[in-house]
Amino acid sequence: MTLLSITSIDVHYGDFQAIYSLDLHVDEGETLAVIGANGAGKSTLLKTIAGLLRPTSGDIVFDGLNISATPPYRRVPLGIALTPEGRKIFPSLTVEENLKVGAHVKRPGPWTLAAIYDAFPLVADRRHRLGVNLSGGEQQATAIARALMSNPRLLLLDEVSLGLAPVVVEQIYDTLPAITGQGTTVLIVEQDVNLAMKFADRVQCLLEGKSVLEGVPADLTRDQIATAYFGI
Amino acid sequence: MQWLNAVIQGILLGGLYALLAAGLSLMFGVMRIVNLAHGVLAIVAAYIGFVFVNNLGVPWYLAIIIVIPIMAVVGYALQWGLFNRALTKGGLAPLLVAFGLAVVLTQLLQEIFTADNRRIDTGTLATDSIQVTDTIYLGLLPVMTFVVAVLVIAGLQLFLNHTPLGRAMRAASDDPDTVKLMGIDNRQVYALSTALALATVGLAGLFIGMKTQFSPTYGDLVLIFAFEAVIIGGLGSLWGTLAGGMVLGIAQAVGAQINPSYGLLIGNLVFLAILAFRPQGLFPKAVTT
Amino acid sequence: MSIATGENAPTGVKVKRATRSSWAGLVVLVPILVFLAMAPYVLDRGLQQQLVTLFALIVMATMWNLLAGYGGMVSVGQQAYIGIGAYGLIYLAETLGINPFISVPIAIVIAGLISIPISFLAFRLVGGYFAIGTWVIAEVVKQITMQIDALGAGSGLSLTVLNELSPGRRIAYVYWLGLIAVVLAVGVTYFIMRSRLGLGFTAIRDDATAASSLGVRVTRSRRIVFVVSAVGCALAGAVIAMNTLRITPESIYSVNLAAFMIFMVIIGGLGTIEGPIVGAIVFFALQQWLSELGTWYLVIIGVLAIVITLFLPRGIWGLISGNGKIRLFPVGYRVVSPWTARRGLGEKEPEGA
Ligand SMILES: Nc1ncnc2c1ncn2[C@@H]1O[C@H](COP(=O)(O)OP(=O)(O)OP(=O)(O)O)[C@@H](O)[C@H]1O
Ligand SMILES: [Mg+2]
Numbered sequence: 316m317t318l319l320s321i322t323s324i325d326v327h328y329g330d331f332q333a334i335y336s337l338d339l340h341v342d343e344g345e346t347l348a349v350i351g352a353n354g355a356g357k358s359t360l361l362k363t364i365a366g367l368l369r370p371t372s373g374d375i376v377f378d379g380l381n382i383s384a385t386p387p388y389r390r391v392p393l394g395i396a397l398t399p400e401g402r403k404i405f406p407s408l409t410v411e412e413n414l415k416v417g418a419h420v421k422r423p424g425p426w427t428l429a430a431i432y433d434a435f436p437l438v439a440d441r442r443h444r445l446g447v448n449l450s451g452g453e454q455q456a457t458a459i460a461r462a463l464m465s466n467p468r469l470l471l472l473d474e475v476s477l478g479l480a481p482v483v484v485e486q487i488y489d490t491l492p493a494i495t496g497q498g499t500t501v502l503i504v505e506q507d508v509n510l511a512m513k514f515a516d517r518v519q520c521l522l523e524g525k526s527v528l529e530g531v532p533a534d535l536t537r538d539q540i541a542t543a544y545f546g547i
Numbered sequence: 060m061q062w063l064n065a066v067i068q069g070i071l072l073g074g075l076y077a078l079l080a081a082g083l084s085l086m087f088g089v090m091r092i093v094n095l096a097h098g099v100l101a102i103v104a105a106y107i108g109f110v111f112v113n114n115l116g117v118p119w120y121l122a123i124i125i126v127i128p129i130m131a132v133v134g135y136a137l138q139w140g141l142f143n144r145a146l147t148k149g150g151l152a153p154l155l156v157a158f159g160l161a162v163v164l165t166q167l168l169q170e171i172f173t174a175d176n177r178r179i180d181t182g183t184l185a186t187d188s189i190q191v192t193d194t195i196y197l198g199l200l201p202v203m204t205f206v207v208a209v210l211v212i213a214g215l216q217l218f219l220n221h222t223p224l225g226r227a228m229r230a231a232s233d234d235p236d237t238v239k240l241m242g243i244d245n246r247q248v249y250a251l252s253t254a255l256a257l258a259t260v261g262l263a264g265l266f267i268g269m270k271t272q273f274s275p276t277y278g279d280l281v282l283i284f285a286f287e288a289v290i291i292g293g294l295g296s297l298w299g300t301l302a303g304g305m306v307l308g309i310a311q312a313v314g315a316q317i318n319p320s321y322g323l324l325i326g327n328l329v330f331l332a333i334l335a336f337r338p339q340g341l342f343p344k345a346v347t348t
Numbered sequence: 227m228s229i230a231t232g233e234n235a236p237t238g239v240k241v242k243r244a245t246r247s248s249w250a251g252l253v254v255l256v257p258i259l260v261f262l263a264m265a266p267y268v269l270d271r272g273l274q275q276q277l278v279t280l281f282a283l284i285v286m287a288t289m290w291n292l293l294a295g296y297g298g299m300v301s302v303g304q305q306a307y308i309g310i311g312a313y314g315l316i317y318l319a320e321t322l323g324i325n326p327f328i329s330v331p332i333a334i335v336i337a338g339l340i341s342i343p344i345s346f347l348a349f350r351l352v353g354g355y356f357a358i359g360t361w362v363i364a365e366v367v368k369q370i371t372m373q374i375d376a377l378g379a380g381s382g383l384s385l386t387v388l389n390e391l392s393p394g395r396r397i398a399y400v401y402w403l404g405l406i407a408v409v410l411a412v413g414v415t416y417f418i419m420r421s422r423l424g425l426g427f428t429a430i431r432d433d434a435t436a437a438s439s440l441g442v443r444v445t446r447s448r449r450i451v452f453v454v455s456a457v458g459c460a461l462a463g464a465v466i467a468m469n470t471l472r473i474t475p476e477s478i479y480s481v482n483l484a485a486f487m488i489f490m491v492i493i494g495g496l497g498t499i500e501g502p503i504v505g506a507i508v509f510f511a512l513q514q515w516l517s518e519l520g521t522w523y524l525v526i527i528g529v530l531a532i533v534i535t536l537f538l539p540r541g542i543w544g545l546i547s548g549n550g551k552i553r554l555f556p557v558g559y560r561v562v563s564p565w566t567a568r569r570g571l572g573e574k575e576p577e578g579a
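Chains as they are written, first to last, in this note's numbering: chain A, 316 to 547; chain B, 60 to 348; chain C, 227 to 579.
Treat the hints as calculated values from the structure; they're not laboratory data. For glycine and all other residues, C-beta sits at the position ideal for the given N, C-alpha and C. Careful: at least some of the hints might be erroneous.
[Stated by the list, open to error] Partner residues are not named here, just some residues of chain B that face chain C (Cβ under 7 angstroms, in silico):
| hint | residue |
| --- | --- |
| 1 | V93 |
| 2 | R144 |
| 3 | L146 |
| 4 | Q166 |
Extracted from the complex, chain A is given alone in its bound form:
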């Protein structure tokens, strides 16, 4: 069943167009990775799905509901959660308070504080620390945990590996099965193609705001991906 279906959206920043007539869909329970070079429009896409940006044309349908004009705070109750680029942890709140704010919309589901602390030992250890005092890895883990607190049906992850040491990236990605194991649909944006190919059921590649390639990792060759990624 299709959980999210996007049809030919255009997204603009003022006069500047960042996404051109993009189609994308995610099936329930699937993990889709969106890859692409810097400035390809990946974060723009996730912000548009989360509702921080509105498409200037085209439709976003979530679980049969057209949400193109729904404000971001009404999409969370529907089951969409975004871990934004740059993590955006609330600096003056403790880790636990960050998580509680994440649970502001009380959607029922498996993710409670206890479940989070179980799945993310790193977060559990730092629960009383202020957001401002977290390391990059701790921030990223907290940001994912915070998004999970709303028990989303669709979790959007924007470049969780950015700026983190390989060990930490591994730790973070190791939690992914625990998330998808709960039936959560995941859309990850990732610059690291290998990571994306390893964890995703399907990948879609953006180039300058357009979708240029889509498929199951096993079916795609390195050349195909390189061409799509760099546009050469």
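Following the hints, put chains B and C with the ligands in place on chain A, whose structure we already have.
This is chains B and C with the ligands only, laid out in the frame that chain A set:
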């Protein structure tokens, strides 16, 4: 003894100033709006209380129960009608709108109630006092005001630290865009913050109206006292503001003891001295590590 | 400073100063000025006195705009300097016996000197707290004035020495003083905004952190306009004192004067030279027109200012000039480059521009 008495009166006064300041700090903390209409809104509450008590004969304690929700609704409406809009304009707009509102409300009060001095009638409450020693009497109303102020500030602190809405306010203060991703409408959080701020300033305004003679322009002084309490105490801490209010209250009371016309001036000079020599305030929010 | 100027501009960047419309502006302005200068020979005394009131308003608005529109500092305390200018003038002329027209420059210099230490206090606060801080300082100046018997304590001072002149002369001289004050206030603002300082301000307004990293000395620039604005407001105060011949602490230090300044600038348009002038004229006209309504006029003007802030942030002048296409006073630099063209993308307009 007179001096000790002045200090005690000053401390009690400080509670009222801190209560006035709490709403100012709350709005600044959550939205970075410095509400220049804060003082006149306290006086608006005093006039509403005046109408209920003096004109309609409602007892003062009932008037408090009526006026606080009225002010909360006013705050909620002001936020949606003016400030949320001004915030989207950015820059100086919120400040200028607040200033315009202050002037307009002050003039409206002049038109409706004239510039005459008024006072909310509380029967004997304003004159009742508790005798502590042979020479020191504590006014019942100032003591009550002080106790209520401390309770409200404590309640506000607990609310901000331990309730979902309080957390949402602090989160919105940190990052208004990201709270939207938590399913929180930051404008709604702002409106509730302003409602809360005006509920507290309404309460403070009623106490002012019961304690002293007030007129429409009294709001100017109220804003200044609240602001001075905030700066003397140090930004960002409600308990610091309480201490700042007490310092201001003591300065005014002792100044008035020296010469009745010096009270306000000395309060202001103490504020300027703190600004000059300890601009972070006496009790700045500790940097947590 | 690494902001592009004519000599070292990157290719493709053109810096324009005088616009075509500004030459047209000169053609409009000069005859108006000449006419205004002749007014005492033409207009009756009552009208002249009213025009002096308008001149004082224009000076006040221009000075407030210099602070807020260019320096980003919202002051609610400029009445401190209006009062110092007025009291200074009367004290020098009455008590020390100095010619009142010589007392004016002395009084405004004194106001400027007083504003320097005040700036160190006020600059500890920013944004809205700066606004209230300046207000407190103005209150303190008032309260101190009221403690000084030589300044009439609570009851104020009268200017009597001007009565040595015939009323016709007195009013004409004061009129010319007022007109000179307007020319000076507008001229100095124009000059500042065309100088390096003004260019720096445009940069600060757009982005203070970036500007300071470019070497614009933010605090020093702000202090300069703070002092200039104090001097200008003192000049307005002196003109008011000469026009009304009597001042009281409650009126000359009234926070309503701050309200007038703010409303005039908002209504006319923040951050332009023309805006405050237009705002002062509109304000003055509304004040006359609505005078039978008592204090309702301030309610109406206040509501107007709020509405304009929310829905017409560039004010009436912004509307007339088609958002800055017409300029009588070309201030700053209009950098025409592909970069500015692109920068508009999805970004907010610089505040108050
Ligand atoms: N707030 C903004 N205003 C204007 N343009 C923007 C804004 N944010 C992004 N853009 C532009 O939109 C395009 C897409 O940006 P986006 O952030 O979506 O890229 P991305 O694929 O996430 O890149 P990265 O891998 O570097 O995060 C870029 O050209 C970028 O410059
Ligand atoms: Mg990105």
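Exercise. Could you tell me which of the hints above the structure violates, numbers in ascending order?
Key: Structure breaks hint 3 only.
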